[in-house]
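Chains C and L supply the protein sequences, listed in that same order.
Going by my numbering, the first residue of the first sequence is number 843, and it counts up by one from there.
Going by my numbering, the first residue of the second sequence is number 600, and it counts up by one from there.
No lab work stands behind these hints: they were computed from the structure.
Careful: at least some of the hints might be erroneous.
Said to hold, decoys possible - Part of the chain C face toward chain L, derived, beta carbon under 8 Å:
| no. | residue |
| --- | --- |
| 1 | ARG1219 |
| 2 | GLN1221 |
| 3 | ALA1222 |
| 4 | GLU1225 |
| 5 | MET1226 |
As the list claims (entries may be wrong) - Label pairs and their in silico Cβ distance ranges:
| no. | chain 1 | residue 1 | chain 2 | residue 2 | range |
| --- | --- | --- | --- | --- | --- |
| 6 | L | SER693 | C | MET1213 | 56 to 66 Å |
| 7 | L | GLY633 | C | GLY1098 | 43 to 53 Å |
| 8 | C | ALA1055 | L | GLY712 | 56 to 66 Å |
| 9 | L | ASN831 | C | THR1148 | 26 to 36 Å |
| 10 | L | GLN832 | C | ASP1017 | 51 to 61 Å |
| 11 | L | ASN831 | C | ARG1067 | 58 to 68 Å |
| 12 | C | ASN968 | L | GLN808 | 24 to 34 Å |
| 13 | L | SER693 | C | ASN856 | 29 to 39 Å |
| 14 | C | VAL1187 | L | GLU745 | 34 to 44 Å |
A virtual CB, placed ideally from N, CA and C, is assigned to each residue, including glycine.
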Amino acid sequence: MSETQSNIFNKIENDYKDYGFRAKELAKEGKKLIGHVCSFVPLEIITAAGCLPFRVRGDIHEPITKGDALLETIVCPYYRSVFDLSVKGKYDFLSGLVIPHGCDSMVRSYSAWSYSLPYSYFHFLNIPTVCVESSFEFFNAELNTFRRSLEKFVGRTITDHDLVQAIRIYNETRDRVRALYNLRKIDPPLLSGKELTMALTVGSSLPVDEFNALLDQVLAEVDRRGQSHLKKGPRILIDGACIDNIELINLVEELGGHVVADTICNGARDYFPRTDEGGNPIEALGRRYLDKVNCPKTYRENKTGTFEGDIASRFGDIGTYAKEFKVNGAILYVYKYCDPFGFEVPARKAYYQSINVPLLHLEDVYSAGTMGQLRTRIQAFLEMIG
Amino acid sequence: MAFVLGIDIGSAASKGILLNDQGMQASYECPSGGDFKLTAERIKKELLSQTQKSEKEISRTVATGYGSTLVAFADEVKPDMVCHGKGVSSLLPSVRTVIDVGDLYTKVLHIDGHGSMHNFLLSGKCAGGSGRILQVIAKVLHVKVEEIGELSLKSKKRIDFSTGCAVFAESEAISRLSQEVTKEDLLAGLHRALAAQINSLVERIGVEQDVAMVGGGARDVGLVQALKEVRNQDILVPPNPHMTAALGAALIAMEGLKDKIET
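So here's chain C without its partners, still in its complex pose (with noise of 0.2 Å):
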């Protein structure tokens, strides 16, 4: 037992290079999988429906070939990759795929998806780009067509029971991945941002109790190690979309830094908020997508007046990342052709500085051929806050 308890990471690890690895026995079982991109699609409601939400995800070390055939280069590289992964027949064990309104790239592109891949089942949900009251109640009806739509492909009712229940569970998660975050508070950290972000990512190909488990055993694991076994270095906050391959925060800690928080979608974005539990549960679903995501997709009206007013409470979750981390400096890593990151920067940078953290701001384009650039860019800014 304690020996594969030691050996969680290396699984961890395995798990993460050779993804899917899991939900493909369970789509052998019989078992209906519902590929996924973005944090807007409410997992609950896929798993109250029997089936095992799928996060499809790109691959940096992959050449974008078949994709680009069907989509325009105008779409930001991430997508792309996701998409060539796709037609390639990465994720042909998929049954369906749900597409949000997360960009314009996903809005636009939907069609490209549904007429090239062989699932039998698509939607497209659509998400408000506004967060005021009559955004939540068109967004209800938007969840509910969703769930009927569901209901229809498995045959059969997906009760407010089997939501509640669904809701219950996806909460255990971000409760189990909050007290992981919470270890990098020590300094220095008493666990990776690698090894943080690969579970996490293994964990959006697996069924959600069988993450939770997972999640169990790396928290024994870290528990037992009792002490860091890193060495100290500069804190490091990673600001951006959905970074789902790992080199970035591998390189960051190659050089002597440490990931300790961040805002990605594979992350703070996706674990740190919580549905409400009681109510009605489509409207607290409701809530928590539209309303307790933080993206630069949504725009969020300007109440208090001011800039200054304005950035303080759009990006305020950084700074109380920032403190409650104690990071020392933050990468804004962005994809180029990123519409909704793209058109932030020059507010986010304002942020940071008001704030006082220094930041290095990256545009990349989903390559693992940029990785020597990336360096000659974090070692200096490493060196400089060091």
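Assemble chain L onto chain C, guided by the hints.
Using the frame of chain C, we list chain L on its own:
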């Protein structure tokens, strides 16, 4: 007497400086070539033979530059911008903004009075705005890269060169030559276009006076002049501006030595 070595393996050229507490004792530069390890060994050997010293007399080596991690005998590796800051500050203490025009990138950094860097910005991922374009054009014109600065200053009617991209510049240069544009006017136009691109990088990070220009690009008097004109401000250029990272590396090695003795 303790000697230290600073070695800068750049993407195009490699440089080395041997230092003791009396100052610089020897310097050497050569093309980086395809084998950075061999180049580093060659520089060390050359510096030792210039000073008739033995390897044992080098107390500390700091490596920097693109190939720095391949310098097997280095005690420490430092980012090149950090080294440029130290090197420039030792030569020109009033400088607060350093523009390094290298082969692969142009870098702008802010330093304090001790040469410590506190902000920086690099040019984009392609060779646009870097020194590589100067070598490309020298080849097209069949002149030595060392000569293009002087040639450019002789221009009587500078052309408008539309690109700062090293790849497109080559085809634009060839098409301009077919329109009977002189080498001098073409080079002046190219320098102006490159200077404008460098300046936009400088403006993005902002300027603290004084400003110095270093790197291989700063040896090109035509480019320096063009940047002065674009900015309408003076720019300081230290002697041997391509050596400042190697010098900074040597100075950091010297500091490391002192720390060691003190502790």
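Results of checking the hints against the structure:
no. : hint                              : in the structure
1   : ARG1219                           : 6 Å, holds
2   : GLN1221                           : 5 Å, holds
3   : ALA1222                           : 4 Å, holds
4   : GLU1225                           : 5 Å, holds
5   : MET1226                           : 5 Å, holds
6   : L:SER693 to C:MET1213: 56 to 66 Å : 37 Å, violated
7   : L:GLY633 to C:GLY1098: 43 to 53 Å : 29 Å, violated
8   : C:ALA1055 to L:GLY712: 56 to 66 Å : 57 Å, holds
9   : L:ASN831 to C:THR1148: 26 to 36 Å : 35 Å, holds
10  : L:GLN832 to C:ASP1017: 51 to 61 Å : 58 Å, holds
11  : L:ASN831 to C:ARG1067: 58 to 68 Å : 60 Å, holds
12  : C:ASN968 to L:GLN808: 24 to 34 Å  : 54 Å, violated
13  : L:SER693 to C:ASN856: 29 to 39 Å  : 57 Å, violated
14  : C:VAL1187 to L:GLU745: 34 to 44 Å : 40 Å, holds
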